[in-house]
Amino acid sequence: MNDPLKTGGSGLLDELYREIILDHYRRPRNHDPLKTPTCSADGANPLCGDTIHLEVGLDDHTIEDIAFAGAGCSISQASASMMTEYVKGRTVEEARKGAEAFQQMMTTGETQDLEGFDDIDALQGVSKFPARVKCASLAWKTLEQALEGGGVASTEEGETSHD
Amino acid sequence: MTITTPEVDHQPFDIERIRRDFPILKREIGDRQLVYLDNAATSQRPVQVLAEMTRFYRDHNANIHRGVHTLSVEATDLYEEARRKIARFVNARRAEEIIFTRNTTESINLVAHGWGRKFLEAGDEVVISEIEHHSNIVPWQMLRDERGIVLKYIPMQPDGTLDLEAARNIIGPKTKLLAITAMSNALGTIVPLDVLVPMAKEHGAKVLVDGAQSVPHLPVDVQALDVDFLAFSAHKMLGPTGMGALWARYEILDAMNPFMGGGDMILTVTMERSTWADVPAKFEAGTPNVGGAVGFGVAVDYLSALGMDAVRAHEVELTDYALRRLGDVPGVTIFGPPSAEERGGVISFELEGVHPHDVGQVLDTHGVAVRTGHHCAQPVMAALTVPATARASFYLYNTPEEVDRLAVALEEVARFFGGA
Ligand SMILES: Cc1ncc(COP(=O)(O)O)c(C=O)c1O
Chain A
1 MNDPLKTGGS GLLDELYREI ILDHYRRPRN HDPLKTPTCS ADGANPLCGD TIHLEVGLDD
61 HTIEDIAFAG AGCSISQASA SMMTEYVKGR TVEEARKGAE AFQQMMTTGE TQDLEGFDDI
121 DALQGVSKFP ARVKCASLAW KTLEQALEGG GVASTEEGET SHD
Chain B
1001 MTITTPEVDH QPFDIERIRR DFPILKREIG DRQLVYLDNA ATSQRPVQVL AEMTRFYRDH
1061 NANIHRGVHT LSVEATDLYE EARRKIARFV NARRAEEIIF TRNTTESINL VAHGWGRKFL
1121 EAGDEVVISE IEHHSNIVPW QMLRDERGIV LKYIPMQPDG TLDLEAARNI IGPKTKLLAI
1181 TAMSNALGTI VPLDVLVPMA KEHGAKVLVD GAQSVPHLPV DVQALDVDFL AFSAHKMLGP
1241 TGMGALWARY EILDAMNPFM GGGDMILTVT MERSTWADVP AKFEAGTPNV GGAVGFGVAV
1301 DYLSALGMDA VRAHEVELTD YALRRLGDVP GVTIFGPPSA EERGGVISFE LEGVHPHDVG
1361 QVLDTHGVAV RTGHHCAQPV MAALTVPATA RASFYLYNTP EEVDRLAVAL EEVARFFGGA
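These protein sequences, in sequence, are chains A and B. Numbering follows the working numbering, in which position 77 of the first sequence is assigned residue number 77; successive positions increment by one, without gaps. Each position in the second sequence, counted from 1, maps to that position plus 1000 in the working numbering.
Covered stretches of chain A (chain B as the covering partner; in silico rule of three or more C-beta atoms under 8 Å from a C-beta of chain B):
#1 14 to 22
#2 37 to 49
#3 62 to 73
#4 126 to 140
List of simulated lysine to any residue pairs, SDA-like, C-alpha gap at most 20 Å:
#5 A:128 with B:1028
#6 A:128 with B:1030
#7 A:128 with B:1369
#8 A:128 with B:1029
#9 A:128 with B:1031
#10 B:1118 with B:1150
#11 B:1152 with B:1142
#12 A:97 with A:65
#13 B:1152 with B:1195
Don't read these hints as lab results, they were simulated from the structure. In this text the structure is predicted, and so the values were computed from the model without any measurement. Positions of the beta carbon are idealized from the N, C-alpha and C atoms, including for glycine.
Just chain B, same shape as in the assembly:
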C-alpha cells in the first residue's frame, strides 16, 4: 500500500511547469490575475497534494490502528508512510521521532507541557528571542506563570538580526532550553543556528527550533543542526491546514509526559490508572488527521522532487530582485536584513504616509495579496516602533513579473493616498 508518488520532475527548476501545478494562481481577483504574496501565512497546495488526499478519502478511508479490516490496514499504512516521508525530509534518525500535530503552535505547546512541565523547575531559564512568533512566546510565558521559570530574550538589532554578543551573556549555566526561530516570519531574518546552538549545548541546554518558516524554504537536517526539537506546519509547505509535526530526539520523547490523554495513546487502562503507549502513539491521542498526513507526505515529496537547494536558490534570486525593485519605489522603507542571503523570501515594508492596512486594501484591488498587521510578532513591531507593516512573502511559484506587479501597484497606492 503506497501513495502514488506524484509526477513531479521539474528539473531543472521550471517555473512555468510548477505554476501549472497550482491552479489557484490563475484565479482572478476582480478583473486582475491573482498575485499571491502571502506565503509566510500559508502557502498554496499543488494538484498532486489535492489529488492524493481525495484519493485517500475516496478509496482507502478508515480509522487507523484499530481495525483488522482491509481499509483500516491500508489507512494505517498510508499514515505511517507519511510519517516516514516527513522523517526523511528533515533527516530524522527514525520515523518514530515525528509526532503529528495540528500545526507549529501545537508542536511547541506539546513540548512546553510534555517536556517543560516535567523537567523544568522554578528558577530554570528558558531563552527565546525578541523576533519570535507569538506561538513561541506565549507557551513559555504560561509556563513561567505556572512554574516560576525565568524567561529571557535575545534582543533584536535595528536591522532585524539578533544580537549574538548579548546572546553569549544571556545563555548561561541556568539555561535549560533555548527555544528559537530559524527564520522570522515578520522580517525574514535567518537566525544563525550554527552560532547559537553551540552556546546552548555548552551549558547542557536543550534546543527547540521553531521551523514554521525555515522548513518550507530552506534545506533542513536535524542531525546536522544538532538540536532537540523542531516544530513545523504542513500548511506553509504545500500541505493541508490542520496538520503539523514535531520532530524530537527519541530518548527525549521517550522520557516526556504525554500531552493529551485519550484513545490511541495508552497501553492499558484500568479504572485506577493507565500506562502510556510507546512513542509516537503516546503523543497522538484520539483519531488523527489521516487525510492531512497523506497530503503532508505528498507535499514533502513535491518539495524533495524539486530539491530544497533549488527552492532556496529561486527564492534568493527573487528576494534579491524584490529588494532592489521595491527599494526603488518612492516612499518605501524595507525592514530587516539588507541582503537576500541573510533572509528568507519575506519582505516587510512601510509606505510613507500610508497605513499598512490601506496599502493592503489597495493592493488587493490590483489582485496582489499581501499581509498587513503585526504578523503575530508584536515585540518586533515594538522594536521597530511601527504599529504594523505590510509584508510580501514568496514561494517557489512566484516570479519576477509578480514582483513588478507589486511594485507598480505600490506606486499607485502612493498616488492614491498622496494627493491632497
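Looking at chain A on its own, in the form it has when it is part of the complex:
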C-alpha cells in the first residue's frame, strides 16, 4: 500500500488548493497599477507561462506601496497576491526575510513562524508538488529582482520541457 512511487489522489488536492488560496486567486489584492513606482520587475516561469509584473513604491527603506499584474495559474497568482499583502508597509529587510522564509517553506514543507505569514502558510502544501513550487516562488523571486533594482526574473535558466 505504501508504495513511495505512488502519489496523487484527491485528498492531496485540498491540501494544495486551500480555500484562502482560491480566494486570493479570484480576488487578487493590490492589483491596480501604481501611479509612481520607484522600481519594478517582470518575472516569468517559462515552463508553464506564468508571468508577473511587479511595481514597488519605496520610501527610504520601507515598501510604502506595491502592486502586481500577471497571468498564470491559481498558485502563481494567489502567491503574488499574498506576497504583496505581506510586504506592504514592511521594510526591505523584512521583505527579504519573508522571501527567505518562503523559500524555506517550499524546501522543507514546514510552515514558518513569522508574524503576518498566516495566509502565506496556506501555500505550504505546494511543497508536495515539485512541479508547482516554481509557480508559488515566482512572486518572491520577482520581488527580490525588483528590490535589486529591477529587470527580469525567471524560474528557469533554460528550456527543459519535453513534449
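Chain B with the ligand: place on chain A using the hints.
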C-alpha cells in the same frame, strides 16, 4: 540470430487484448485507475518490447561491430535486424538509409550539421512553419546565426492549419530546404505534404519531414512522400526512450559530412587525418544504444502486426468522439482543425477561467494524465494568444470510456474553480 517476433495478432483491432499488453494502464493514481492521455509526449511500451529488451541484455549483450566472439556477432545481427525492420516500416529503399539516433531532435540536428553546414551558404533559404516543435526551429536558427542562411515561416491560420497560399509565395527559387512537421504536436494538425512537397521540389529544394508525431500514428511511406529526410523518435511509438531514427536518401547521406567524430564512424585514422566509414556507420559514432534498437524493432513489429491503417482508424474514431464529448463540456474551447480527419489524436483545449496548469493538476487527482504548457511550440501559443493549453493525446490503447473520464473530470474542475 533473430529477435523472436512478438505474439501480436490482434486482428481485427481488439482493444481489450491490446490493453492487456500495457500493464501500466492498470496502474492506480491515488485511488483511481490511470487514464493516460499524454501520448504525444511519450507513449507507453507493450510487454513484448520490454521482454525482448530484457532478453537482449540477458542472453545476447555485447558491443557490436568490433568482436569476433559469438555474443558480439549476435548483438551486431540484432542491431542490424532492427535497422531493417525500421527501414521496412517507413518503406525505405535500403536499410542503410536508416541512421539510429537518440531522438527526433538529434535526427534534425544531424541534418543541420551534416547536410546544412556542408551545402547551405549565406542567403540560401530554409522554410519551416509556425507550427513547428522547437526541435525543428532552433537548429535552423542556430545555423542562420552561424551561416547567414535565411529562415522563413509558413504562417498558421486561426484554425491551426497552414496557409498554403502564403506557402506558395514563401517557397521559391532561393529555397534550399523545406523542413516541416507532418503533424503538429500542439494542435494535432495534419500537414498536407502532398501539396507542400511538390512546391519545394519544383524549385529543386530538399524536404525534411519532422515525423515525431506522424510516424507513430499514420501510415508512412517515404518513397510515396517523395521527401529527402524523415526524423522520428522510438519513445512516441511504443519503443524505448533514448532511441530515434533519421531516414534519408542514400545519395544524400553519402554526400553529407559526419555529425560526430569517434569510434565506429571511421575507416582509417592516422595521426594526421581520418577517413569516414560508409553510410550508415559514418553517422553512428561511438557505442550505440543496442538494446534500444532491439526494442525499437519490436515496437514497429507490434505496430505492423496491428496495421497502421487500423491504428489510424481507431484514433480517428476516438478523436471524433472526444471532439464532440469535450465540446459539450461548458467552458471548454478546443483549438486546432475542426474535424478528426484533419488532425491526429491530439486535442489542445482551454477551460474558461482556469489556467491549464490548474486543469492538469486537478485532472491528475482523477487519475487523468494530460500535458499542460506550451508543448515546445511557443510560436503556436503566441499565434493563439494563449500562454499555454491543456492537451489530451490518444494512442491505440485509449478508449471512449477514458474520454468520458476526462470529460467528467473536466466538469469537476470547472466546479472546483468556478465557485465564488
Ligand atoms: C512534432 C515534434 N517534433 C519533435 C519532437 C521532439 O522529439 P524528441 O524529444 O523525441 O526529440 C516532438 C516531441 O516532443 C514532436 O512532437
